[in-house]
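With the hints as a guide, dock the two chains, each given alone in a separate frame, to form the complex.
Note that the protein sequences, when read in sequence, are chains L and E.
With my numbering applied, the first sequence corresponds to residues 1 to 458, in that order.
With my numbering applied, the second sequence corresponds to residues 1 to 939, in that order.
Among the clues, some could well be false.
As the list claims (entries may be wrong) - Residues of chain L clear of chain E, computed beta-carbon distances all greater than 12 Å: (1) Thr228; (2) Asp242; (3) Gly310.
What the hints assert, rightly or not - Label-pair distances were calculated between CB atoms; the ranges are: (4) E:Gly604 <-> L:Gly449: 26 to 36 Å; (5) E:Leu874 <-> L:Ala229: 21 to 31 Å; (6) E:Gln572 <-> L:Asn296: 51 to 61 Å.
Treat the hints as calculated values from the structure; they're not laboratory data.
C-beta atoms are modelled at their ideal positions from N, C-alpha and C, and glycine is treated no differently.
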Amino acid sequence: MNQHYLSRRSLLKQLGATALLTRFGWMNAFSQAAPPDYKALVCIFLAGGNDGHNTVIPLSQAGFNAYKQARGSLALPDSNGPLVPVQDYTNAMPFGLNPGLKALAPLWGTGQGTGRLAVMANVGMLVKPITRPAYLANAVPVPTNLFSHSDQVQQMQAAIPSSSAGTGWGGRAADMVGAMNAGTSFPSTISCNGPSVFCIGKTVQSATLLPGFNLDPDGMSLWPAAATAGRVNGLQQVLQFDSGLTLVQAANKTRQDALALNALMKGASATVTSPFPGGSLGDQLKQVATLIKLRNTTGVKRQIFFCLLGGFDTHGSQSWQQWDLLRQVSEGMAAFYQCTEQELQIPNQVTTFTLSDFGRTLQPSGSGTDHGWGSHHLVMGGAVQGGRIHGAFPDLTLGGPDDSGTRGALIPSTSVEQYAATFAKWLGVADTDMPTIFQNLYANLPAFGGQATLNFMG
Amino acid sequence: MNYQLIKRAAVLLAALLLGISAGRAQVAGAMDMWPRQSTAVTNSTVQFGAYVPISPNTVRWYVNGILGGNAAIGTITTNGLYQAPPVAPASNVLTIKVQSTAYSNSFATTSLTVTRAYPWLWSISPASLQVGNYQISLNGANFSPDAKVQANGLDLVTTYISPTSLKATGTAAITGTLQFDVRVPGPGATTGNVVSASVTIPTITVAVAPGTATVPLGSAKTFTATVAGTANTAVTWSVVGGAANGAISTGGAYTAPAVMPASATVKVRATSVANASVFTDATVTLTQPPAVTLVLSPLTATVTLGATKAFVATVSGNANTAVTWSVAGGAANGSVTAAGLYSAPAVLPNPATVTLLATSQANALVSAAATITLVPPPVLVAVSPATATLQIGGTKQFSAKVSNAANTAVTWSVLGGAANGTISPAGVYITPATLPAASNVTIRATSVADATAMGNAAITLLPAPDYSALLTAARIAEQTSFGPNDASLAHIQQVGLSNYLAEQFSLPASPIPVPANNSAGALQQWQLHTFTTAPDQLRQRFIYALSQIIVVSADKNIYADAMLPWMNVMSQNAFGNYRNLLRDITKCPSMGKYLDLANSMKPGLGGGANENYAREVMQLFSLGLWHLNMDGSVATDASNAPIPTYTQVDVAALARALTGWAYAQPASGPVYEWMGAPMVSVPGNHDFTAKVVLGQTIPAGQSVEADLESILNILMAHPNMAPFIATRLIRSLVMSNPSPGYIQRVAQVFKNTDGDLKATLTAILTDVEARNDTPTVNGGRLKDSILHTCGLLRALNGSFQNPNGLTYLYGYMAQTPLAAPSVFSWFSPLYHVPYSSLFGPEFQIYTPTEATLRGNLFFGFLSDPTSTDFTVDLSPYQPFGNDMPGLVELVNQKLLYGRMPAGMKQVLIDAATPGYDATTRIQTVLYLTALSGQYAIQQ
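Here chain E stands alone, though its shape is the one from the complex (with noise of 0.2 Å):
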């Protein structure tokens, strides 16, 4: 049908019975469309049509109100053709609109319902049903995935085949009718016609298995039943003829009596519960029981005290195969498990021959025997660990483990005697002094409690090497460098102690260079990374050593040019003459800066006589506070009492002799505080009075020049002075604790040289107790933090970086490099060995706290081969990272010199093997070893 013609020739029949025309836009009456109300199925069409007494009479279509609708609600063209969507919207009854194109007050409108396909139901199968569960099929048109069956107008469970065929399961509850349709849900449903089925009730059936069964006297046999046409599948079990007949469980396990009765046919019985009156039975058919007969495997069998013994016992002619174990005599013959495993007792009983008994649980007579033998276990001896590697003056601790023995005691010995070792009563093995023909080794552990039982360990030994050139060759060089490494020992051991100490004798100071932002904090990197790296060791470490003496600090003289004087000082009169160090420190601006002679005027003038620098050059940079004898201890009076150095009318007086110092200026005008030169005199400061200075008079007039050169000859001609500075330096290079002999050796040197230095460290270095290689008790130093770390970094021939980071480090070691907290340095010389009489200065500043932070930084080195604050050199470590004593033997070469005990090589080699990887195994050797005291100790 041609919708399109209709639709044209309604409007233009309309205009022509309204008499109007084109261009001319009149109203005459309401508009009209049809079908209205109609319905639509999805993607179906429909077509409007529109009156319009309207002219023009042009009209626009409208789905819901949206000209021409769309994908959704469906789209409506401009001749009224609906085209219905593929699916139905939410709301699907639509409004369609046809409006006046000229007047929009001029409209008609209708609804429309977009539904979805009419289900058709043509039939079911099966056509009639029964109470109970149900599937059936459907057939039918217009079936879609979503189509839910309804019975009675309830919704079944519903599977989609196809759209003619469905499938649906449901309960049908009574009987009568029940009536089918299908249903398509969403927007736009649309439940098709119904399809009545009837409703039964069904038949109760109960079918046995099995039907028949033959079963002996006493046995037993399960019978089941199966109930049909009910949901009520329960059953009463029966025999037919009562219990003479055999008896049978809920379950339908049937047991045949004891004896046979009358018939040897009789009847179980199921009787549905649902139907008392439909039953079905079972025919049994008894027959005699075959004999039961035991088998008991091994019949014998020996037994150690404690172990087990699986028996078997084998049934056979019933079908209870089941056996009861027992161990005659009881407990104390042992023990056996419903599955016949034997356990021995722990004790031996009297007798040892044990019966095992088994016997049948089908018949009670029938049964077997087994006879065992119990035998004690025997003593066993395991030695631990089973196998170890030792130098030469190695030791080893050996474990033996006793089993089956109340007395756990051993014997050790080591096979061969002596000449391969010796091994105490605890089992601590130390090795032979030399190496034995046989270089490997058993050492045996015996039973006490069985002489006969025995465990052995083999000891593979090693030649011990001679360390003794390369130790003496490591301590000359920690009492003259920064700490030995690979370069400086092989150097030492070429040219031997003397030619050594002339060379650096002669060589150039490192010069001390002028950082461009004037920076204190920059001298201080430098320091670390010269220590670190200078070739003039010994110049470096006496430096360090004197700056502890004589004391500038950038805590106070906070800026490069205030320290670099002192610095200069220090390094141009390191190998000189204490008199010209003395005058020159004096008249040094850094020191007039820090301890106050800068400006020091007589009395009467300014701040008058500054004492603070006259105080400490006697207390601190000469003769100390007490009068010393030569050897270096304390001198008494008649009381037994120390004897003052002096007092403060000395200080007050040498105070006076040291004004009118003041600082230079540079040519180019004043500067505050220059420090470009020494400190020049000025004579209007100076008090020209007489000063009697520790019992010396220095006349009146003099000059401050010769005031000062007379200041000197007093201090030198002390006769503190040798032995205090002697002590001083020999506690700072070689040991805390010297015999007075050393000192008195070295101060007289320092006396007969007038000062010499180069003679003072000379003899410093070459004496009999500095060279003695043999450790002694009470010998050594404490490494403070600064040699502790640039030790460990030289060792592995490392140094500092310049710049670095890590002088806060420092800080927090108490030990900031150029910046002693006072003019008493970082520690006082007189510290003592915590609860101990005798000195360790550097253990002042050797708290757990400045330990564990050494320690760290030790592992930083160790662990951080990227730093840019310092290098170290690891490579030489890495073949022996799978061999953990020759790494433990590198360490005491590179870190004790071969004096590593041998009781820690073993530590250390325990300590490092679960290491995951070479390099763990490393990091824990050398960690380890860097923080026992026998590193911290410069021995």
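Okay, chain L solo, but in the shape it has when bound (with noise of 0.2 Å):
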């Protein structure tokens, strides 16, 4: 039975969105003028810790040769096709993405103004900045349990070096801006892969939808129709019921903004006709872009999404492994970008970003890495600097400055505190805020030489 809860179910044509709207307010957004403003995020997590290491390569001729000797085996290129070639435009220093990421390299673009996608180079979870001495002598504190997945996870979605944490920062900055989503009970996070403590904030909804999964109530499809009509009008009326009881009604009116959403998503309105790559993730982020899609019709402003991509813990035979993934992730977001552009026509207002557990040991071990620290991530978006690799590229010499041991688990040398409270403000969270919502960063500021957030965006 266990599928069964979750499969699609017909259509319940009695469920009305207009009619539903109107008792829901999302009535006055749904009459108004489309709102130019709108900003949304998407987070695609690499579940297992990507090897940023084979993500982004460098191909100066001292680099390459660093990375060939610590890799050894590793080393790209392999048999999965040559390597993507980009070079940053400011310096004109060569890099090689993994041959998985192709579908992107049209968006790396030509030069300044022309890209739609950079890299940001060596991030990870940080109390302060560290060095490798200061590393090595616990001279400064580092996060709680690196290397560790469960820790990792929760560290890198709530953006707080420590595992104790109750709220991610998607949710904590949703949070932040909700006043610009005042008037629309819509959920201001929302998860395409179940619930992330990345959406969780201390005061908006959060909500999961799976891609496939439609909210439609089961049962409420039976012969003979006046059944199903009894059914359908039934739960309306015993929903509408005024008890009189504040929780009473308030748990109703999750239920009916259940209803109203499924008849929202199913709406005529919510068809996205790009094209999206098949698997988990494409699913996931056409999911995203079906709910963009939706913006005019909800009312809401200000958006966050989170997807995952699970696979990339690649203790054995990564080779392909992880060129299968990054090919899903390239194939997905291209086809995001373009759906952003073409589609929705609102590229510069969606911004997409990787997030991983950790980064990966330079040092194979067999075939595969083990756990390491700061990985290179993924940016893009119309407002993105693209064309660029953000950041320090770090020195790929075993034991040398930006190992944190012997095997190359880099010390990062941005904080993710820093990357994340450049795209929170982007989206809007006011300046007086950003304390609130990146704790550790703004009480060591100066250590992070007063620079709380970046300049890969816009």
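Below, the structure is given as structure tokens:
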């Protein structure tokens, strides 16, 4: 019976979208002209810890030599194809992207103002910036339980350098821009992959909207038609019944919202026609596009989405596996960008970025790699300073200045808090609210050189 | 004739002539054979012979090269007797070959044509034909079913009668001679002999029917003409003597003149178009027409405005009985159809008497009139529904439809007055508070336009059951278990609250199993099962509450052995003392792993003092972030700002005091992160310096254990402890928004008993605010996913099975059992009801998605009676499958303990009534009730 509860349900025509809209307060937004003010952040979490070393490869002579020497048998290019050549237009430094990222190549651009894709180098969780000697001497605090999946997944999503986090930075950022979404009860943080800490805020409601799961209530299609009408209309009336009890009303409101949201998502305005690749991530990003397409209907003006692709914990057989996963990432992201540009026509108002547990060791272990720390991440969108490798690209020498040990688990040069804060600021979080979201960053701002946000966004 | 002998003789002769003797093969000239180029009818035989000037003179016979032939092409014997096949082969010219057995290159061949039997034609009938279509019969022999008759070599449509008889149809185009023969087609086709027939031109005749007729002046009569002897059967009609004698149409419809001509006998004539010299007359005798009369019925009528009335006009004395209808005075007086159906106008004309006229179309001077009196329609009032059954306390919406009045307003009334209930101007009936003497009540809608027009509905009133004892028991069960079931409701009603609590406190804890495969998933399944089945419901519910304060999660502790110590500590300390619980949890290896206290070392060693547990033990397990008053409210400083409970300095100091705890090791030897015993102290890792925590000094030199006791003293003595824990527990068990007084009363018990959890729990459950069975506007708490779903199973006297395959669904519902996403548990205790200032922690995981998923799981419970994941018992509802009020009332008892609003009952009755069968209707009422906010809230 398991899958039964999540399977698609037949459309209940009785749940007319317009009638529900008027009841749930979304009508005002619906009746207004298209709001020009809209921004969305889309997080793609590469679960398991993506190997950044084989995602972005230095192609300068010295850089590639160091890479090849440290990487050994895992050094790219390999049988999966040639590297995707890119260069940072500001300094002409050459890099190669994993061949799996081929679909994103056109977004790199050809110079200033043309790129829609950038790399943020060597991002990871930090309490404070730390050097190799300080790390080895325990002289500067570091996040708890580095290299542990469960802890680092939490920390990267929470932007809190300890494993105790009840909220994520996506949810807290959404809390802070909540006023911009006033007047709509549409959830402002949405996970397309099940509940995630990333989406949880203190005040916003976070929704999980799995692709293919359409919020149809089960058991609402039966014979004869009058019996269907009886249940459907009965449910509406039960949910509208004024009990005079606040919590009862609130619980009913949630279920009414579910019916309304279901009708919305099935409506013509929620049909995305752009092509998306199949597979889990493609489906999730199509779901994101669908929800963005509803923005004028729902009236929501700031949205944060969470998608996740698993399988990056490549302790073995990494070469093909990572290539295949990054292929899904790049094809999904490229299709999503095309959709925001051509169909949604808001390419500059949607920013997509990757996040992961951590990076991986530079030195292979067999055909795979072990848990690392800092890693490179992709940022995509019309508002991104594209065509660049942002941040400090690390020295790939084993035991070198950027190595936390001997195997190339990189000490991050950029904190995930700075990375996140840059997105939050772009989304519209007021400067005065930033310390509430990124407490550790602002508590240690002098140590970060006073640099809370980075310059990779517009 | 004996062909066999002939052939033998021929062969012998040849052999003798050529001096050939047997045994010595010699070739002496060409072979020959006969007959040559012969013909064989199917099924007949032909004897072939051969000349064989060869020794030996033995031969083989072939048909088309096939030795001995075969069934399709005919067979030939070794003696040359050919047997033709019953059907000629497609290639019917065969080659018969005779070949020397001695010399294969010596042979002779000839052709043989196999034909069908010759179709003899003896005679045809008729022997002579006329130009035009004809049919002939043919007499002969050897006719076959597929035989075709040919005329001048062209196939006719042929009908096979017998081997000696055929029929054929054809067309003779011109005069002359037609030559008929019969052809049998296909392989071996054969055409027989010819028989000729002459073709001549026919004589044209015209016949008119009727030949004589009598027609009244002015009347009509139709004649028909039949032309023979030509394909062109058209005629031209005329009246002899011209128009004075009448007129006739091209179709032969004769109309007599209006005036008698000189002669009363006239002729109508049909002339052949093919030959204008051929015509025939019919004789018409003209007579004087009868007088036309018209009878109209009825002659008087009364018709309601807008209604119709049929009138009949009967014309006699003329073939034309049609009449023309009209209403005197035009449309304001109504209208009439050509069939005499009168339609009254919508508005009363003045005067209200109307004349209807019928005029003969045969004679416009003949007419009749009817007098119609128009009257307005009566005002009607219909009440819907016409009957209803309501319990005392119920309400019901009625509607009234007023017909025939512009003003459709009604006034509602209850016959017998307020003792029988009241009804609002909008038609909402509310029962009286108590059952009236007569339980059958009539409500009435009276037309405002016409006070004499009214409609009634009959209501049967039923007594309201007394649910107060049920409600009291159910609320106790909701707060002390994973939801009431029939057994617990009965038991609590029987023994009362204090006895029930005493029983629950004394029950042994449900043992926690050690899964065979160290699977945390098995523990999750066990827990869902236990929540729905355990006798020690109060302990399980309280463990569940405490587990959301002191959290360990299988998200990080992914194996059962890393969860079990925490589960056992919670179970053992649930009814104990909070100080002991904190001590045990600090030393618990599950927690040591989860919040990193295990192997925490003094500064300078390893990773140094880990602050994770130190922070959470204050923030989440004991004190919270802000100073609280005893009533749970946030204390403020002089500037009205909240006061932090602790600082980072306190966290660091507490972390140092907690250094030195490490995983125990089994006697058998070191095991990585061994979970088999509480953590042990490692003095070498402990920071022995003094620490100041929350303003209290922990002296230097204390052991790991002594430092822990000091910490417990500091925490237990902190003024936040009691209100913090009291608030958390009340929210988890009873209500999201307790009054400050309620918190204070419970906190005081916690404080007075130094953290006695049994006393604290008793205070929570026996408090007047918990025991108030009257709903308050902001009371209650939202059930979380586990309580909501476990509760429905228990309400249906069912449970989760162990094992079961449903824990993954709780992941979608943001509440995987034993696997909170973080130490902050599944939802924040400070989360608010959306768009409200009220607390509603569980609303954090009740978004549209989770609401839908919970509902879909509910439907699974109700629709999957064969599930191996859970059990439910719907049998108590079966007797009510056809009794909707009874069914709804039972669901009201089981799920809402008698609190279902009367309006909701009516909604459910209406929703379930169209259900196809009892199962569907029961499902509808249970499902919609389970989906309701009333059921979602533990009130």
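Status of each hint after checking the structure:
no., hint, verdict
1, Thr228, "8 Å, violated"
2, Asp242, "9 Å, violated"
3, Gly310, "14 Å, holds"
4, E:Gly604 <-> L:Gly449: 26 to 36 Å, "28 Å, holds"
5, E:Leu874 <-> L:Ala229: 21 to 31 Å, "23 Å, holds"
6, E:Gln572 <-> L:Asn296: 51 to 61 Å, "57 Å, holds"
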